[in-house]
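Between the sequences and the hints, there should be enough to build the whole structure, so can you do that?
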Amino acid sequence: MATPNTPLWEVFIRSRNGLAHKHVGSLHANDATMALQAARDIYTRRGEGLSIWVVPSTAITASDPAEKGMMFEPAETKIYRHPTFYEVPEEVGHM
Amino acid sequence: MYTQALNTAETDDRGLEEAGRAAQFQARIDAEERIEPNDWMPAAYRKTLTRQISQHAHSEIVGMLPEGNWITRAPTLRRKAALLAKVQDECGHGLYLYAAAETLGTSREELVDAMLAGKAKYSSIFNYPTLTWADIGTIGWLVDGAAIMNQIPLCRCSYGPYARAMIRVCKEESFHQRQGYEIMLTLCRGSDEQKAMAQDALNRWWWPVLMMFGPPDATSQHSDTSTKWKIKRFSNDELRQKFVDATVPQAQYLGLAIPDPGMTQDAEGHWRYSEIDWTEFKQVLAGNGPCNRDRLAARRRSHDEGAWVREAAASYAAKRAQRQTAQAAE
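Protein sequences, first through last, are from chains A and B. Here the numbering used here is used: the first sequence runs in plain steps of one and ends on residue 95. Here the numbering used here is used: the second sequence runs in plain steps of one and ends on residue 425.
Careful: at least some of the hints might be erroneous.
Here are the computed distance ranges between Cβ atoms for each label pair [to be verified]:
#, chain 1, residue 1, chain 2, residue 2, range
1, B, K337, A, R45, 26 to 36 Å
2, A, H82, B, S397, 41 to 51 Å
3, A, S51, B, C186, 22 to 32 Å
4, B, F329, A, S57, 27 to 37 Å
5, A, T33, B, D361, 52 to 62 Å
Everything labelled a hint here was simulated from the structure, so no lab data went into it. Built from N, CA and C at the ideal position, the CB exists for glycine as well.
Written out as structure tokens, the structure reads:
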């Protein structure tokens with residue numbers, strides 16, 4: 001008999017140095033409690049984190065990489081959003 | 096007649112379109128771009144990677160068996176804790192790899208079922224038995240050493256999820272090799288019997304470990320396209336030579352003899368090994384190694400014995416979900 005599929009979860013971990021939660025991988029579990037326990041065992045065997053988030057993979061809405069051109073076009077033309085766009089005379093020093 | 100004519104035209108168009116995409120894909124690979132799960136990829140690339148990553152995952156899981164054999168008999172509590180941690184790591188590595196393989200569109204359950212049915216392969220090295228404690232040292236030192244040699248270039252593999260999984264695996268694998276070498280060092284500094292045990296283990300594992308790098312370049316069937324797609328960065332023989340060159344001085348330090356009387360060092364410093372017995376490799380691959388049946392039987396038994404846990408977890412989750420829906424409706 002084929003083994004029935006178990007739901008997929010995405011795992012995010014906040015590392016020790018207090019950065020934001022970062023995606024580390026995915027795992028299978030039937031519910032949130034088991035997903036958290038499995039995430040601890042699979043992704044934090046060497047003190048990799050202080051906090052774990054697990055999110056059902058189906059709950060994630062993703063942009064389409066094939067349409068990244070259109071998606072990110074609004075930002076690409078706005079070079080004046082970067083500090084290097086503005087000229088400050090050298091005599092003024094670091095700003 | 097018309098439909099046939101139309102069909103032909105359409106296939107031609109599709110063929111052209113496909114060729115264009117394949118060229119674009121190859122250009123991305125050549126530019127060292129990483130391919131991600133939702134990107135277009137040739138069907139053969141998907142198939143090759145699904146096969147390779149899932150075989151790699153199965154190897155990690157089956158690889159827990161020969162070492163698990165010694166957890167209860169480790170000579171000290173320190174050795175036992177270290178071996179337990181190592182076997183847990185192998186399980187973790189299997190899971191990272193299944194997750195990477197799944198991004199190509201085949202579920203973990205299907206991949207595992209293929210292995211249990213005997214349709215998918217795993218590394219032949221795990222079809223050899225672990226007869227003494229020195230085998231645990233030798234596995235860590237040589238089997239994990241060879242695995243690291245194979246896996247480091249995979250950290251730069253063109254497929255993003257596989258490369259990322261390999262980075263994690265390689266970081267953790269280094270402890271495995273060192274703990275193995277430490278076991279060997281302790282045995283070699285011990286009594287004559289202990290040193291003889293270490294030598295015996297090396298004698299039995301040496302040739303199977305060299306076979307882990309796969310068939311010689313002249314006969315390897317997957318190499319050409321894998322190299323073109325940057326799944327593979329070095330040939331089997333190149334990696335094997337690198338491994339031998341790194342290992343010979345380590346054996347010398349232990350005072351152990353490599354079981355290859357014909358081995359010589361060439362002018363460039365490379366250790367040239369004798370001809371490998373590929374008939375043995377083919378026999379083990381065909382299912383006739385010392386432990387093939389035992390390993391598969393152990394995996395099947397474990398899968399069957401865990402069926403009630405999977406069922407209980409699924410029905411508990413279903414019950415909770417149903418209750419939540421009922422409460423929300425009130």
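Hint by hint, here is what the structure shows:
no.	hint	verdict
1	B:K337 to A:R45: 26 to 36 Å	holds (29 Å)
2	A:H82 to B:S397: 41 to 51 Å	violated (56 Å)
3	A:S51 to B:C186: 22 to 32 Å	holds (23 Å)
4	B:F329 to A:S57: 27 to 37 Å	holds (34 Å)
5	A:T33 to B:D361: 52 to 62 Å	holds (60 Å)
Consistency with the previously given hints fails for number 2 only.
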